[in-house]
Amino acid sequence: MAKLLSHWPYLLILVLMALGLYGVLSKHNLMKKVIGLNIFQSSIILFFISISAKWGATVPVIDPELDATDPSLYANPLPHVLMLTAIVVMVATLGVALSIIVLIYRRYHSLDEREILERMRQE
Amino acid sequence: MFDSYLPLIVVLVPLIASGLIVICSRLPNLREGWTILASLLMFGMTFSMLPDVISGNYPAVTLFELSPGAALALKVDPLGIIFAISASFLWIITSFYSIGYVRSLGLHHQTRYFTSFAVCLGATMGLAFSANLLTFLIFYELLTIAAYPLVIHEETPEAMGAGRKYLAYLLTGGLLLTAAVAATYIWTGDLSFAPGGFLDATLGQGKLIVIATLFVVGLGFKAALMPLHGWLPTAMVAPTPVSGLLHAVAVVKAGVFGFFRIIGFVFGPTLFHDIGAGTILGIVCGVTIILASLLAFRQDKIKRRLAYSTIAHLACMVLGAVLLAPEGWLGGSLEIVFHAMSKITLFLCAGAIMASTGIDRISDMNGLGHRMPVTMGAFTIGVLSLSGLPPLAGFVSKWFLGAGMVLDGEPVLLAIFLISHLLSVGYFAPMVYRSFFLPSPHPGKFSEASLLMVVPLSLTAILSALLGLAPDLIFNFYTLATEMIAGVF
Amino acid sequence: MEQIPVLIPLCLILAALVSFLLGTWRRALAYPVASLGAGLSFAIALWGLITVLNNGPQHYYLGGWVAPIGIEYVLDHLSAFMIILVTGIGLLCIIYSLRPVQTELGERSVFTYPLMLLLLAGLSGIVLTGDLFNLYVFLEIASISAYALIGSGDGRAPVAALRYLIMGTLGASCYLIGVGFIYSVTGSLNMSDVASLLPGLYQSRLIIGAVALMVIGLGLKMAIFPLHLWLPDAYTYAPSAISALIAPLMTKVAAYILIRLLISVFSPHYLGDVLSVTPILGILGAIGIIAGSIMAIAQRNLKRMLAYSSVAQISYIALGIGLGNPIGLVGAMLHIMNHAVMKGSLFQIAGALQLQGLVEVNDLAGMGRKLPYTMGAFTVAALSMVGIPPACGFFSKWYLAAGCIEAGNWVFLSALIIGSLLTAVYFFRVLEKVYTSPDAPQVTSRYSRPCLSMLIPILIMAIAIIGLGLANSFIVEYLLEPAASTAIWSGR
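Residue numbers (my numbering), protein chains in the order written: chain A, 21 to 143; chain B, 352 to 840; chain C, 67 to 558.
So here's chain A without its partners, still in its complex pose (with noise of 0.2 Å):
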């Protein structure tokens, strides 16, 4: 139980990541399928970013007031990196899908996915 409490941020993005599929799995609107995909995707950057935090470091830009040299007065900054990649395909993924959401409002002015399948039948 410490050890799980020692390590609170993995408990908050495991919630968050529950949360996120939660969303995508049982809601029906299409508009509330996104939003959990997004906090999915969102519990996965903060997942990077908590690899890389370290006791006592600060954010991985050089200080000019502290040691260039000794890794351990910064965070990794490689997870930093990658995230802001992440986060760039993952607004583009968010982009798409509301554009296609859109597409999909104007042709059967609706967004539950009930009533699409519902309408899909008729046609």
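Some hints here could point you the wrong way.
Claimed, not checked - In silico negatives: residues of chain A with every beta carbon more than 10 Å from chain C:
#1 82
#2 84
#3 100
#4 113
#5 132
#6 134
#7 138
#8 143
To be verified - Heads up, simulated EDC-like pairs for lysine to aspartate or glutamate below, C-alpha to C-alpha not over 20 Å straight-line:
#9 C/499 / C/429
#10 B/426 / B/354
#11 C/499 / B/505
#12 C/499 / B/506
#13 A/74 / A/90
#14 A/52 / A/135
#15 B/652 / B/711
#16 B/558 / C/472
#17 B/516 / B/505
#18 A/74 / A/87
#19 A/47 / A/135
#20 B/516 / C/498
#21 C/436 / B/506
#22 C/499 / B/834
#23 B/558 / B/505
#24 B/652 / B/505
#25 A/47 / A/133
#26 B/426 / B/711
If you're looking for bench data, these hints aren't it; they were derived computationally from the structure.
Think of the CB as a built atom: it goes at the ideal place given N, C-alpha and C, for glycine as much as any other residue.
Once you have looked at the hints, place chains B and C on chain A.
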């Protein structure tokens, strides 16, 4: 053995001809010209290889690897050329006959018909000349597919059903054969046919039995061994020349030929017996012979009765391959050719009867001998040859088969074999009796089919008779068969 | 010469940019620029293949940072094989797409060609990168382009695209978490570096978790049964040119990633003997072959039938991976190529028929006479799918069957045989219709032969099906066996 592209050219000729046939679809005479030309060329080239093969110098060609360690390779050996000569010779006969048949019946889709026929023959030649199992498998599968359009040619619901049944049976067989070849490839790394076999007992009993089972079941579909024979009688809805050439000569014989290849050139007769496969296959063949002969009695359609008779005779040939005595092999391989000659006579006669009088049932055959004396005369010769009456061709092969059984000490098989001949006399006799001794419902009406049909069928009938008197006539079948046996045993 | 690995994706990305800029200026320019870009990348890929065959694998380090610090691009035997496939099929599909894009997408074609190129750039990046995170980025570039392309279709396409987007993004996210786990344990993202660090960490729970997440994620992308639910709708409702591009490539490249991870990062020994991940994949494959084929038999719509057949064919690849021996893996890799060519050809033909208004299998009655070349190509592809030699489909089954026997796995062999028979059922049902006369005289509408820009790619594909079948030994010996032999097959 010497390098020669001739075997490859023999295989390619009909395939190229099929392309030309498609191109010339609007000019029927030119189109049929290609068929005739290709069949003559193919037979001529095959025949020209005969002296070399007899002198023990086999033409061979290796093209390129199909799978690491297994090339696309052709080699003309005595067993292969026996099969190739009989198929290519009969293709000439059926080509002329087909032209008469499709034109007198006004068949539709004639281009498709002649194209598929040519592809089938190309595949059969490739099969006969294959130097290894993978090449054999490729042509075997090609033959299955190329014959499919011919089975469904009529496009009636019945024909389509027969086509589905045909595919279901033969594709299953092909897949099992693929598995068998793959197993041989993985376990031995070798696929080239060698007289006397390349497998040996060091592989272990279990693996050998697995390979043997897969081969026997896979080939059994094509050779129509019971209970895998169901497709053959239904496939008789195809036009008669197709039933004649493919379902009595090329397709089913490909299965029998496969048995000879597998037993003699992959396992070796002794090993095949030692693992117990010989006994089981012998029993299956015996049962097939009896059951098929009995079932033949129940058929009223001429072609269906012929089909069941084919099933029984195919089992006889396979039985020859199973025997340990060389005489069995001699009889079996000669039976491939002689049965082809006689059975195709019967099918061509059935087609001629169908084309000129529309009769396809035995019960309607009354008095037919007076209306179509030449056709029914040929039919009678074919029947007598198949029943093993000396001095016709069928007698020679059956004599050696029987001798093989005696030498092998197989009294039960011998008994079955002899009974089957009585039965075949039994189911063939009514057809001859009705046509010659019962009064015709249309007396005095003379209705022989066109010359394009009568001449080919007379020719095969005459050959069935002459080959009995001189088995070595023209084609040297006897010499070839003895030479093959010298290699295998 | 060492820049070849990076040149291919770069060339495609640049072409995407140029075709977009020129396309907005003059719509007609997008197509030639796209064809040119794809052609150029195919030429470079061929050059790369020759280089690999002569000089062995090529490495390129982005920005001069040597691995494991920098991002590495690797052109080895397996990636040379895949890159030829991706750029070759991409080129043919872009050439093919002129008419279908014009009629089905109209004004939107300005975006279609850049997106198609971007998709190809993503796929070639996946194939060439030697870096786990870089792979994720390229995977998403390819996927996002695919979502957008599918979503641009009419009717139900957007709904199918959104479903694909959600499933695909979940899959990619799973993969990303897996990468995070690996990074947090090994501190590296370079594939060969990770591979050298892993053997000591086989029992690490994070690594096991990473394997599970990555396999599930890629399984979603690859549409392994039962994760295939997005696939049939997406393939069916996508515009014809798009399904002809996506169907042969997307799932196959995902399968490639799985194989790449199997042989270059983890090892067949670790995933097979220690974790038994690959045996599970094999079992799912065996079930998928049967289930996918049965579903395909139940379909009346041609494209939908082909889509379910894709599910079954992907399962062949999974089965090959699951066999756990080199020859089975060779069969799986060969089937990636063979299936890509066959399905590419079939979807191109289905697209050509769709333009004529022929969507259902029953519409095809008697078409063998009216469209002889198109249906001839269809016949070749269908027979290859059934596994008739010497078409290429036979040889992938040949190696897979050999792998089954080598492994002594008779259940998988039976699945292979039954699957082939079921494939024969649904393809011969179509061929029967195509080549026999229709029962009722049809409404005599005029069927025009597809225009040359469609027919030529279709015929090239049909010839390739036979040619690749005959040349398979060369591919196996010089490309696939060296690739399979680099892996660690047993623990010692």
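A quick look at each hint next to the structure:
Against the 10 Å criterion, residue 82 of chain A stays outside the reach of chain C, whose nearest CB is about 18 Å from its own CB. At roughly 25 Å from the closest C-beta of chain C, the C-beta of residue 84 of chain A stays outside 10 Å, upholding its exclusion from the interface. Listed as a non-interface residue, residue 100 of chain A keeps its Cβ farther than 10 Å from every Cβ of chain C; the least gap is roughly 12 Å. For residue 113 of chain A, the shortest C-beta to C-beta distance to chain C comes to about 6 Å, within the 10 Å cut-off, and the non-interface label is violated.
Non-interface call for residue 132 of chain A relative to chain C: holds, since the shortest CB-CB distance, roughly 12 Å, exceeds 10 Å. Its beta-carbon lying about 12 Å from the closest one in chain C, residue 134 of chain A satisfies the requirement of being farther than 10 Å from that chain. At the 10 Å boundary, the C-beta of residue 138 of chain A stays outside the reach of chain C, the nearest C-beta of that chain being 12 Å off. Consistency note on residue 143 of chain A: stated as away from chain C, yet its beta-carbon is not over 10 Å from all of that chain's, at 8 Å minimum.
Taking the CA atoms of residue 499 of chain C and residue 429 of chain C, the gap is about 9 Å. The hint holds against a cut of 20 Å. Between residue 426 of chain B and residue 354 of chain B, the direct Cα distance comes to roughly 9 Å. Compliance with the 20 Å bound is thereby established for this hinted pair. For a cut-off of 20 Å, the pair hint linking residue 499 of chain C to residue 505 of chain B stands: about 14 Å separates their Cα positions. The suggested pairing of residue 499 of chain C with residue 506 of chain B holds, with an alpha-carbon distance near 10 Å, which does not exceed 20 Å.
Annotation: proposed proximity of residue 74 of chain A to residue 90 of chain A holds, straight-line Cα distance about 13 Å (limit 20 Å). As the CA atoms of residue 52 of chain A and residue 135 of chain A are separated by approximately 15 Å, the hinted pair is consistent with the 20 Å bound. A distance of roughly 6 Å separates the Cα atoms of residue 652 of chain B and residue 711 of chain B; the hinted pair therefore holds under the 20 Å criterion. Among the hinted pairs, residue 558 of chain B with residue 472 of chain C is consistent with the structure: their alpha-carbon atoms are about 11 Å apart, no more than 20 Å.
At most 20 Å may separate the alpha-carbon atoms for a hinted pair to count; residue 516 of chain B and residue 505 of chain B meet this at roughly 15 Å. For the suggested pair residue 74 of chain A and residue 87 of chain A, the alpha carbons sit about 16 Å apart, so the restraint of at most 20 Å is met. The straight-line distance between the Cα atoms of residue 47 of chain A and residue 135 of chain A is roughly 13 Å, inside the 20 Å bound, and the hint therefore holds. Using a Cα cut-off of 20 Å, the hinted pair residue 516 of chain B and residue 498 of chain C holds, with the two alpha carbons roughly 13 Å apart.
At roughly 18 Å between alpha-carbon atoms, residue 436 of chain C and residue 506 of chain B fall within 20 Å of each other, so this suggested pair holds. Restraint check: the Cα-Cα separation between residue 499 of chain C and residue 834 of chain B comes to about 49 Å, which exceeds 20 Å; the hinted pair is violated. Restraint check: the Cα-Cα separation between residue 558 of chain B and residue 505 of chain B comes to about 44 Å, which exceeds 20 Å; the hinted pair is violated. Distance check on the hinted pair: residue 652 of chain B and residue 505 of chain B sit about 17 Å apart at the alpha-carbon level, within 20 Å; holds.
Only pairs whose Cα atoms come within 20 Å are accepted, and residue 47 of chain A paired with residue 133 of chain A is accepted, the gap being roughly 9 Å. With a C-alpha separation of about 42 Å, the suggested pairing of residue 426 of chain B with residue 711 of chain B is violated against the 20 Å cut-off.
When the structure is compared with the earlier hints, violations turn up for hints 4, 8, 22, 23 and 26 and for no others.
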